[in-house]
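Novice: Each chain, letter by letter, is given below.
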Amino acid sequence: MALLTVRNLHARVAGKDILKGIDLEVRPGEVHAIMGPNGSGKSTLASVLAGRDGYEVTQGEVLFDGKPLLELSPEERATAGVFLAFQYPVEIPGVGNLHFLRTALNAQRRVRGLEELDAMDFLQLAKEKSKLVKLDTAFMNRSVNEGFSGGEKKRNEVFQMAVLEPRLAILDETDSGLDIDALRTVAGGVNALRSPERGMVLITHYQRLLDYIVPDKVHVMAAGRIIRSGGRELALELEEKGYGWLGLKDGASTAVAAKGGEVRR
Amino acid sequence: MTSALAHYLDVASRFHARDASAPEWLRRVRAEGLAHFERQGLPTSRDEAWKYTHLAPLVEGTFVPPEEARRAGDLAAVVDRLGLPGPRLVFVDGRLAPELSSLSGLPRGLTLKPLRDALREDGEVLEALVGQRALASEHTFTALNAALLEEGALLRLAPGTLSEVPVQLLFLTRGDAPVLASPRILVVAGESSEATLVETYASAGPGAGATFTNAVTEVTLEDNASLHHYKLQAEADAAVHVGGLHVRQGRDSRFASFAFSFGGVLSRNEVHSAFAGEGGEATLNGLYVGRGSQHLDNRTALDHAVPRCTSRELYKGVLDDRARGTFHGLIRVRPDAQRTDSRQQNRNLLLSESAQADARPQLEILADDVKCAHGAAVGRLDAQALFYLRSRGIPRAEAERLLTHAFAREVVDAVPAGPVREKVEGLLALKLPGAARREVRA
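From first to last, the protein sequence lines are chains Y and W.
All letters in the first sequence, in the order written, are residues 1 to 265 by this note's numbering.
All letters in the second sequence, in the order written, are residues 1 to 442 by this note's numbering.
If you are wondering where the hints come from, they were derived from the structure by calculation, not from laboratory data.
We treat Cβ as the ideally placed atom computed from N, Cα and C, and that holds for glycine.
Hints are not guaranteed to be accurate.
Claimed, not checked - One side of the interface only, derived from the structure: several residues of chain Y facing chain W at Cβ under 10 Å: (1) D53; (2) V57; (3) V82; (4) H99; (5) G113; (6) S143; (7) G147.
Looking at chain Y on its own, in the form it has when it is part of the complex (with noise of 0.2 Å):
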């Protein structure tokens, strides 16, 4: 059975229809690749299935495991095990970074029915998951995000992924505005939380993000709409030809394709 399923979505911003008519199956153990270019509608599809308030679906269903998701509160929908990697981390002073995502854990675990950590086992986790993405246990003791630089936010997303273990990752332009150093780091953070249980939806801009992490079906978004779906093939078509080769326009893309890049695998 499908992870995810978004049939025939549509969704409003401040009366615009930014939406207009997504479908997407995610199975266990697929990682699945969004492009597409700046207003697309990538972050709001992802602000949809997160559940961030101020966005209105007018058509539509998405079944999460099968069950509604859309009628979940945000909470609920964490406690489920979507996860959402936010394109802006957000900065929140006076709450510690591991209080912060303890209180999360224990608040998931409790719905779940399992025992609370306490604070000793809670740090051995943190410990043990923030080597994945290199965050120094001096990051995980000051307020969330605070005084974060770009990479380290990113990574501290991934961070809080690999403690709360979702079933479902949407990874909102994680690999924007980070070095190679950095990109490294978080794409193999993300690798290495790649299992068959978990689904994977990568939003990006930039095709380099896909020469750290591969995935195994590769989706176009313009104008609301998915306009062509495929393996990896089509991200490295992309790259070689641009979004110009789709009839779109976006000059960010257009330049980071015609100056090329390595391609691992």
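Since the structure of chain Y is provided, determine the placement of chain W on it from the hints.
Specialist: Structure of chain W alone, referenced to chain Y:
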């Protein structure tokens, strides 16, 4: 004359008749206090300084000074809970409770005395101190306090004295009688001395009835002296609290004030500090947390009368239900006070539609070579942060508590780590239930 004013005048007159054996200077202080109180009367909302303050609880109550002290041994558990390690004087319903007080461990050079003893033994010292910083002619509640002067404390630090442990003054009310407590606290910190003074005001039960505490603290910091002053006000919901802290800072002195206002149906807390010598530093921090129909009123006044002094102010308010918070911060920079460096911040978090905050910064700058910045804000919980927490599985109510506590923490975190901060955290946790403490650092 209003009936409330008549009531307090009557109360003060009877008080004077009762203690006719007092020394002449003390009778004069009380008589002048009474005269100034009668002239100024009780404030009304027409008075600019009280415009935003809801005075009904004060005007409607018929509070009276305490009779002779009652035994208070049954409050030992309360004192254990609120007490700090170190010397302390405990007052119950406005009267010294010797059986709960402890003067052991006083460092050499530090004198701590109940005011009653000092009135008997140190008349000349007191005569020179009382009313020097807190002027009965300018503050009507200071005048009322002077008219009823009897209880309180005298704290003196000889030059160079270093007190590592905090000195605590703990004021408890039982709430089973409409007591008017009028403590007067006098502090003189000699040259290059250093100390921490904690004033704690709390209700000890069993009653939850209204009480009225009208406290006045006068502080003189000699050159290069340093005082950390904490006021922890966590009285019962029905309590009325008016407090004035008046400070004069000598050259190169450092004064840090932390005013935590958690209790009371009406709480008015004033902090006035005047720089009398160059190079002084003043830090005024405050946190007021109100719910129900509490009204928490804060007023600060910094007088930059001389050059090269620095002041920093951060007052934060958290207001829920129909609670109301007021901050009025005056910074006066006199013509000679060049190189003044002053910053003031007041930020308020409203947790309900009916809560209200009034922020009124007031800068009077008469010198030209100064740095003065101020900011005031009234807002709600950050929707982005709330979603971020919920997206990780934290239920809405818990996420709101986390963010609220984080907002308040900034002031608590400015308190140096130690027993005082632990007490503040404990009182705050009671006030903001469910708010967790910061994780122990790994």
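Novice: Would you mind marking each hint as holding or not holding in the structure?
Specialist: Quick rundown of the hints versus the structure:
With its C-beta approaching chain W no nearer than about 7 Å, D53 of chain Y sits inside the 10 Å limit, and its interface hint holds. Interface hint at V57 of chain Y: violated, since its Cβ lies 17 Å from the closest Cβ of chain W, which is beyond the 10 Å cut-off. Taken as an interface hint, V82 of chain Y checks out: its beta carbon lies about 9 Å from the nearest beta carbon of chain W, inside 10 Å. Given the 10 Å rule on beta carbons, the hint for H99 of chain Y holds: about 4 Å separates it from the nearest Cβ of chain W.
Given hint, G113 of chain Y at the interface with chain W, is violated; its Cβ is 14 Å from that chain's nearest Cβ, farther than 10 Å. Look at S143 of chain Y: its Cβ gets to within about 8 Å of chain W, closer than 10 Å, so that hint holds up. Against a cut-off of 10 Å between C-beta atoms, the interface hint on G147 of chain Y is violated, since the closest Cβ of chain W lies about 15 Å away.
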